[in-house]
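With the sequences and hints as input, model every part of the structure.
The listed protein sequences derive, respectively, from chains A and B. Per my numbering, residue 1 is the first one in the first sequence, and the count goes up by one each step. Per my numbering, residue 1 is the first one in the second sequence, and the count goes up by one each step.
Among the clues, some could well be false.
Derived pair list, reagent style EDC-like, types lysine to aspartate or glutamate, alpha-carbon separation capped at 16 Å [stated by the list, open to error]:
{"hint": "1", "chain 1": "A", "residue 1": "217", "chain 2": "A", "residue 2": "273"}
{"hint": "2", "chain 1": "A", "residue 1": "62", "chain 2": "B", "residue 2": "498"}
{"hint": "3", "chain 1": "A", "residue 1": "62", "chain 2": "B", "residue 2": "520"}
Chain B is faced by these chain A residues, among others (derived, beta-carbon under 8 Å) [as the list claims (entries may be wrong)]:
{"hint": "4", "residue": "10"}
{"hint": "5", "residue": "66"}
{"hint": "6", "residue": "248"}
I should point out that these hints are in silico values taken from the structure, not numbers from a laboratory. Quantities reported herein were computed from a predicted structural model and do not represent experimental measurements. Virtual Cβ for every residue (Gly too), placed ideally from N, Cα, C.
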Amino acid sequence: MNGLITEIQRGSLHDGPGIRTVVFMKGCNLRCAWCHNPETIFPGEEILFSPEKCIGCGQCAKGCFSGAKVRSGKTVSVEEVLSVIIEDRPYYGPEGGVTVSGGEPAMQADFVCELLSRCRENGIGTAVETNLSFPSETVTRICSLCDLVMCDLKTMDSDLHRRYTGAGNERILENMKKVGSLGIPMLVRTPVIRDVNDAESEIDSIAAFLAEIPSLKCYELLTYHPLGLSKPASEHFKPQAFEKPTREQMKKLAAIAASHHIPVRIDNVVFQEVSK
Amino acid sequence: MKQLSYQDRIALLREKKIQHTLEKTKQNGYMDGDDYGTVPLPEGYHFETPYNPGEDFLVGPMGNARAFAAFVKNHPLYIDPLEILAGRWADMLPEYRHTKRAYQAYHPYDELKAGQEFYNINAGIEADAHCACDYRIGLALGFGGILEKIRHYRDMHGPEKKEFYDAEELTVLSMQEFIRRHIELAEELLEKETAPELRRTLAMMVETNKKVISEKPETFLEACQWVAWFNTLSRMYDRDGAGFGLDVLLYPYYKADLEAGRITKEDAFFIMANLLLNETHYYQLSGPDTEGRDQTNPLSYMILDAAHALNISANLTVRVHDNIDPEFMKKAVWCLFNDRNGWPRFSGDRGLMNYMKNDGIELADARSRIAVGCNWMAIPGLEYPLNDCVKINVARVFEVAMQEMEQSGSFSTEELFERLSAHLDRAIDITAKGINHHLDYQHEIMPELVMNLMMKDTIEKGEDISVCAKYLTMGVDGVGLGTVADSFAAIEQRIEKEHLLSWEELFEALRTDFAGPAGERIRLMLKSSERYCQGNSLGDKWAQRISAMFAKKVHEYPMPGRRQLVPGWFSWSSTIAFGRAVGATPDGRHARTPVTHGANPNPGFRKDGAATAMATGIARIQTAYGNTCPLQLEMDPKISADEGGLENVERLLRTHIDMGGTLININILDRDKLMAAHKNPMLYPDLVVRVTGFTAYFATLSPEFRQLVVDRFIDGF
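Rendered as structure tokens:
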């Protein structure tokens, strides 16, 4: 079975516990205005542009090697991906493993399920980063193959969610409850965007919702960063620029979240440890 | 007035060290080398070398011994009342020795020079030190005992050995004279000193030195002072920086003192911190004994604590083996993570034990072959390896093969590999002849008068260690593995597989150093091909093939007698100099720019810069005869130690070592600080980095050296 990926990142420390190999699937159903992986949005091969890298050789048609035009998207088999993953297996230890990210893995659910199953057969820990904005059956099928589910809850306000991501949040909330009820550990994140979801009441509502999720492992606040703007441009999607929240604001929001007696982190650093 | 605690004194000594660094940089310019623990030279210092009439170089046992005596007599003294150990060095005799000229006058090797230059070989002829003393010999005898031993064996041997023994005797007498002058200075300082806590340690310093000037050391303080003297004077003679298993050897003194109540743990801690400040000798910590049992002891921990408190440049290596105390391993990684000074580094027992694959090596000796140099190991007292001195620029050998193939008109990667193989044969032959020349004559030109004092059979037989060592396992390092492997990979991919480029276009691009937009396009095409350390890439395939060929050729080269060659991959930090000898290469490297470092891949080898891919790639190219192919790693894990950073880094190190990795030189750095210091180094005079096998203050490095560290940096894990 084949899937479309943008890249496989080896030795990551930031996409789940331990040392991990991250498979970035290509194609996403959401259009988050602050997306930091805009190259993973379009569900097909495409050319990304960085005009500042052009060396003016005039041989674009024969292939560009300067980085001005970069092909994004590669069709790969499960076996091919697995062969890369196995290279990193000695480093995983009990904590690490594979994270399937994106893009949105659920857009290529069959491929992702096959890959996760093969990882499990090989004794490799599995995790997924998903937006959960899919039918419950699809989400359950993928998440049931994972030791950890990482997902975003950007806002509790469905209209606001639709305005900044292109879809409401009803399905996401339902799926969070569903995954929680299955007992699959969940790490829920909120990318904090100035003037979008940085209100104290917003984080308070999210944290109150998460406090009811039985398998919540941690709630993490991520400071917005404009990485997506510095990446080669896709003609299918351009992220918008936002202001970064201040460190103080992040701490304040974390304290509000922590008041709901859930474990809280800011940017991968523990703010409050609570065992539920 | 409040008395200074030991911690206060360590903090003050650290500040003074930073001042010394700034002064030394002002005095000498960029140092581009080990910090050495030297102190600045006083104004007006001058040494008039006592050369033989009509000569401008030192030669022979007595020539070197007389010069050493004069040098030591002239060398400035150094005692800081804040310290408990006396002595420090500022200048070294090798600056005045001119061994190259001595060889030219007495044992020229002009017939080898053309080949050495052609293939850009560092032959190692006239190289000094680069073996390891057995400190047990010196500690058991003391300077007085060593003198007696020299005189005893001089009497036993005939007149033909007299010069050797006379030279050794004069060497020891000069060392004792240096100590005697320091005792006088310490007494003067004691007389003037008013602070009771400093008076106490100055008095201990006087008493200790009066003992160790001739008697064997018996307490922890005496042993440390004795080691400090030997290290200082050995550096002054020939820049020797090989230490020993610091925790293993000194533990009995520490334990006995504690049990007898002669010393407190606080005293011992301060003495150890002082020893680490005194000199940056290369010490190993932990490691297996001859039976494979772990040797970690309470002193191992205390040494890390003392180095942590001092928080300066240090050359400490932890030998990671199957039975290492896991808590000690954790602590070592914590120091690396927390202090961010590039120490300790980690050597891999499993890979290093491949030394057994050389001829006639005994298991117990292989186990005791410890980390005592920049990238290298040696058996204390028994081995004369000249490690890190002999380098073949394989990137240059590749260039020769490439140019020859162009002339032949028959082009393929297999053809190129065959030609590389043939030229490597010639390069290794020239290298081996150089090593043999050195081994034949070094004892006549420049005997290791100081190191001989603590080697096995030297004094007994009246022979220099370069002659009588039990093991003459001579290290031969290849340079530029990544450059060559990526060149092969780029050619195979772009010319042979994808047909995007013709051989003629490649040759033209190399000749013009990728001139013009078309040339630049070719360069970028080559540069973006499958690289070494990407993971099962063409670059990885070629690196493994090239390394296996190099290792086999070096190992199997027939050397006379007990001599044998041991392969490794290490460039030291000479990637700039080696690069200057090589034109543009098919990996997309511009002419005269640095070649790849040690066993490392080209910078930018992966978009994600994955440390795991690099660790695996380097583990797979190990030459596997016990010399190192180090993994040099600079990274900012961007994760705190508490958040799993510590465990993840430890797992990375352990896995590389389990895979057969021999040495990990690692910098855990703050990326932003490194980049800011690169722009303005003097704003960060305390920033210590591991340049290669050695650590140094970043501010003392030239912009080119700083660039090497910055280029190697992996953003993220």
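To see whether the hints hold, each was checked on the structure:
For the proposed pair residue 217 of chain A and residue 273 of chain A, the alpha carbon gap of about 10 Å is at most 16 Å, so the pair holds. A C-alpha spacing of about 12 Å is found between residue 62 of chain A and residue 498 of chain B, which places the hinted pair at or below 16 Å, so the restraint holds. Of the supplied pair hints, the one linking residue 62 of chain A and residue 520 of chain B holds, its CA atoms being roughly 14 Å apart against a limit of 16 Å. Because the smallest distance between the Cβ of residue 10 of chain A and any Cβ of chain B comes to about 4 Å, under 8 Å, the interface hint for this residue holds.
With a cut of 8 Å, the hint placing residue 66 of chain A at the interface with chain B holds, because the nearest CB-to-CB distance is about 5 Å. Look at residue 248 of chain A: its Cβ only gets to about 20 Å from chain B, farther than 8 Å, so that hint breaks.
Hint 6 from the earlier list is the only one contradicted by this structure; the remaining hints agree with it.
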